[in-house]
Amino acid sequence: MSGAGRHRRRMRIALPIGAAGVAAAVAAALLTTSAGAATTLPKPTVKPAISTVSQAELEKRVAGAVAGDDTAGENTSKSSLSSSSGTVDAKIIGGSTTTITSAPWMAQLWYYDDTTDTGFFCGGTVVSPTKILTAAHCAKGYDWAKYGAIVTGATQLPDDAGNTTGAVSGVVRQWTHPSYSSRTIDNDIAVLTLATPTKSTPIRMTTSTDTASYAAGTSAKVYGWGRTSSTTQDVSDTLKTATLPIQSDSTCAGYYGTDFVKGHMVCAGKPASGSDAGTTSACNGDSGGPLVVNGRIVGVVSWGVVDCVEKGAYSVFSKVKTYLGAAYAQVDDANMSYTDAKADLFVRNASTKTGYEKDSKGTSFGARQGLGDWGGVNLVTQTDFDRDSVQDLVYRRSDNGDVYWTHYDWSAQDWATKQIFDNWKTRTRIITPGDLTGDYKPDLVSVDSAGKAWLYPGKGDGTFSARVQIGTGTGWNAYNMVRGKGDFNGDGKADLLARNKSTGAIYLYKGTGKASSPFSARVKVRTWSNTTYNAFDAIGDMTGDGKADFLARTPGGTLYLYKGTGKATSEIFATRISVGTDFKQYDIFG
38 MSGAGRHRRR MRIALPIGAA GVAAAVAAAL LTTSAGAATT LPKPTVKPAI
88 STVSQAELEK RVAGAVAGDD TAGENTSKSS LSSSSGTVDA KIIGGSTTTI
138 TSAPWMAQLW YYDDTTDTGF FCGGTVVSPT KILTAAHCAK GYDWAKYGAI
188 VTGATQLPDD AGNTTGAVSG VVRQWTHPSY SSRTIDNDIA VLTLATPTKS
238 TPIRMTTSTD TASYAAGTSA KVYGWGRTSS TTQDVSDTLK TATLPIQSDS
288 TCAGYYGTDF VKGHMVCAGK PASGSDAGTT SACNGDSGGP LVVNGRIVGV
338 VSWGVVDCVE KGAYSVFSKV KTYLGAAYAQ VDDANMSYTD AKADLFVRNA
388 STKTGYEKDS KGTSFGARQG LGDWGGVNLV TQTDFDRDSV QDLVYRRSDN
438 GDVYWTHYDW SAQDWATKQI FDNWKTRTRI ITPGDLTGDY KPDLVSVDSA
488 GKAWLYPGKG DGTFSARVQI GTGTGWNAYN MVRGKGDFNG DGKADLLARN
538 KSTGAIYLYK GTGKASSPFS ARVKVRTWSN TTYNAFDAIG DMTGDGKADF
588 LARTPGGTLY LYKGTGKATS EIFATRISVG TDFKQYDIFG
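If you count by the working numbering, then the sequence shown holds residues 38 to 627, one letter each, in order.
Everything labelled a hint here was simulated from the structure, so no lab data went into it. Here the structure is a predicted model, which is why all the values come from computation and not from measurement. The beta carbon of each residue, even a glycine, is placed where N, CA and C say it ideally should be. Among these hints, one or two may not hold up.
[Claimed, not checked] DSS-like mimics (lysine-lysine), calculated; alpha carbons at most 25 angstroms apart, straight line: (1) K547 / K390; (2) K621 / K538; (3) K97 / K183; (4) K462 / K496; (5) K561 / K496; (6) K258 / K307; (7) K600 / K621; (8) K398 / K489; (9) K561 / K551; (10) K547 / K604; (11) K80 / K561; (12) K84 / K258; (13) K621 / K604; (14) K299 / K84; (15) K97 / K398; (16) K538 / K604; (17) K348 / K462; (18) K183 / K455; (19) K496 / K547; (20) K455 / K236; (21) K551 / K604; (22) K398 / K551; (23) K462 / K390; (24) K258 / K348; (25) K462 / K80; (26) K496 / K538; (27) K600 / K561; (28) K600 / K547; (29) K84 / K348; (30) K604 / K84; (31) K398 / K348; (32) K80 / K496; (33) K455 / K390; (34) K97 / K177.
[Unchecked claim] Beta-carbon label-pair distances, calculated as ranges: (35) V343 / S615: 50 to 56 angstroms; (36) T606 / S91: 48 to 54 angstroms; (37) T389 / P592: 20 to 26 angstroms; (38) R504 / V343: 54 to 60 angstroms; (39) S557 / W491: 15 to 21 angstroms; (40) P592 / T238: 34 to 40 angstroms.
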């Protein structure tokens, strides 16, 4: 029915709940060995600024949210809150009971602000050990670090006292899509960063090129603890799931009119019958949860009609494919300070061999912090192999070429070191660009003396699967700079940048997300001669805008920030910004 539903009052499906690695000098001088180098392994002397909230406080927040009856996205405040009563029917409307074992990535998002008596619940999905994908209307306008608690690993909702069988974590920071509109519920996607890593198994988001998952008729599954009936506010104590067919954009727009934004939203389910009987639908309380096709998230529960069963209605989800680039940047936002979503910089002083951490302030760096003695190494590169949002360091010893991984050990609350490769003296490049294989686990690339590039797929614990040669060529030593950390062209896949040592041509190697062929054909994006810049670094998203940035140093020591634009062309970077003039003293950039 053309235009039908254009003026329907729609409702957020939320719960009004009652229950540089190498200083890339012109030649690869830093990658050669040196005799008599120190054998003491370096270790950062500064710990990340990790804030913790007591379990008692987290349980208090959960209990307050359980007793709340507000709706996420409305900032409703009430002086008297009461729990829903009555028997809970164990189902999403039309769905069936499942367990956390079948959906280990499901998360419960509990919010309670005791200063305003605001309490509500949303669903979410674990997409890395510290990252929860959810809806923007569950996050926008709320201080999750101050008032939120995330439960993972539980089939059941907590009891009235906030007790749960799952693990409870606080939130250290949140990101909401910058174009989210509370009026239109467009761009309804967000990411919360946990204060401590969860042991729950993550699930991957779909890819930016996925079309099959959104084809009309494709079978998808929605998960949640939401309302169980259109006639009661009662929610399910037990995790539920329902199977919904994907609908075409034209079908969704035919019912919702311009409320449905093609390309940004996807709807699913058979037309609702007008009552619980014959309807299978997500409902209030399922907000922020996942729509899953073939083991990947394709949608985030966003909105629907009031009471969820209006005749002809469908459940509406944020289309994850569209937001993959923006969301991936939040999943891959590890930094050294841990306090924000801005990538920080490791540098080493050439004369003293002292390592320093320089925390990003967006378009500049704060005062440097000493990290101790980093002599005896000829390479340091930044990464996050265990995906815990605290940036790791990979370094190579000068004397024997052994490669080590230093990472933060949460149980010991200190840095731990593990050897990951033996005798890599002759490797001319070692790069840690992020996830190249599409499994959300950062990988490593090295170039050998013959000019062959090798991909080492990471397993998330400092170990790697069997290496895979990148292409069949042997020309990688034609580059005197190969760098990468994050997604330069905005498609949700990690990339590399390389400079030809003869011509100064800068090439972008766009990631494909496939281990067998991790890069598409190179694209020339800039020309930077050897006399223009003699050192580079890629540390990720320094500005916090969701796009990977790049750093380049002049022979005189001025370091320039090239902010990423997300374009795979000569416009890949914005106009350079000076971030300091004293960088000539450093011989290794992370």
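We went through each hint and held it up to the structure:
1. K547 / K390: violated, 35 angstroms
2. K621 / K538: Holds, at about 20 angstroms.
3. K97 / K183: holds, 12 angstroms
4. K462 / K496: holds, 24 angstroms
5. K561 / K496: Violated, because 32 angstroms separates the two Cα atoms, which is more than 25 angstroms.
6. K258 / K307: holds, 13 angstroms
7. K600 / K621: Since the Cα atoms of K600 and K621 sit roughly 21 angstroms apart, the hinted pair holds (cutoff 25 angstroms).
8. K398 / K489: violated, 37 angstroms
9. K561 / K551: holds, 22 angstroms
10. K547 / K604: holds, 11 angstroms
11. K80 / K561: Since the Cα atoms of K80 and K561 sit roughly 38 angstroms apart, the hinted pair is violated (cutoff 25 angstroms).
12. K84 / K258: Violated, at roughly 42 angstroms.
13. K621 / K604: violated, 30 angstroms
14. K299 / K84: Distance of about 46 angstroms is beyond 25 angstroms: violated.
15. K97 / K398: With a Cα-Cα distance of about 34 angstroms, the restraint between K97 and K398 is violated, given a limit of 25 angstroms.
16. K538 / K604: holds, 24 angstroms
17. K348 / K462: With a Cα-Cα distance of about 69 angstroms, the restraint between K348 and K462 is violated, given a limit of 25 angstroms.
18. K183 / K455: violated, 35 angstroms
19. K496 / K547: This hinted pair holds, its Cα atoms lying about 22 angstroms apart.
20. K455 / K236: Answer holds: K455 to K236 is near 21 angstroms, not above 25 angstroms.
21. K551 / K604: Status holds; Cα separation ~21 angstroms.
22. K398 / K551: Given that 25 angstroms is the threshold and the Cα spacing comes to 34 angstroms, the pair is violated.
23. K462 / K390: Holds, at about 20 angstroms.
24. K258 / K348: holds, 21 angstroms
25. K462 / K80: Between K462 and K80 the Cα gap is close to 21 angstroms, so the pair holds against 25 angstroms.
26. K496 / K538: violated, 33 angstroms
27. K600 / K561: holds, 18 angstroms
28. K600 / K547: The given pair, whose Cα atoms are some 17 angstroms apart, holds under the 25 angstroms limit.
29. K84 / K348: Not satisfied, since the Cα-Cα distance of roughly 57 angstroms exceeds 25 angstroms.
30. K604 / K84: The hint is violated at about 35 angstroms.
31. K398 / K348: violated, 52 angstroms
32. K80 / K496: Holds. K80 to K496 sits at ~23 angstroms (cutoff 25 angstroms).
33. K455 / K390: holds, 21 angstroms
34. K97 / K177: At roughly 22 angstroms apart (the allowed maximum being 25 angstroms), K177 and K97 satisfy the hint.
35. V343 / S615: 50 to 56 angstroms: Holds - the Cβ-Cβ distance for V343 and S615, about 55 angstroms, lies within 50 to 56 angstroms.
36. T606 / S91: 48 to 54 angstroms: This hint holds: roughly 50 angstroms between Cβ atoms.
37. T389 / P592: 20 to 26 angstroms: holds, 21 angstroms
38. R504 / V343: 54 to 60 angstroms: At roughly 56 angstroms between Cβ atoms, V343 and R504 fall inside 54 to 60 angstroms, so the hint holds.
39. S557 / W491: 15 to 21 angstroms: holds, 18 angstroms
40. P592 / T238: 34 to 40 angstroms: Since the Cβ atoms of P592 and T238 sit about 49 angstroms apart, the hinted range of 34 to 40 angstroms is violated.
The structure is inconsistent with the numbered hints 1, 5, 8, 11, 12, 13, 14, 15, 17, 18, 22, 26, 29, 30, 31, 40, although it conforms to all the rest.
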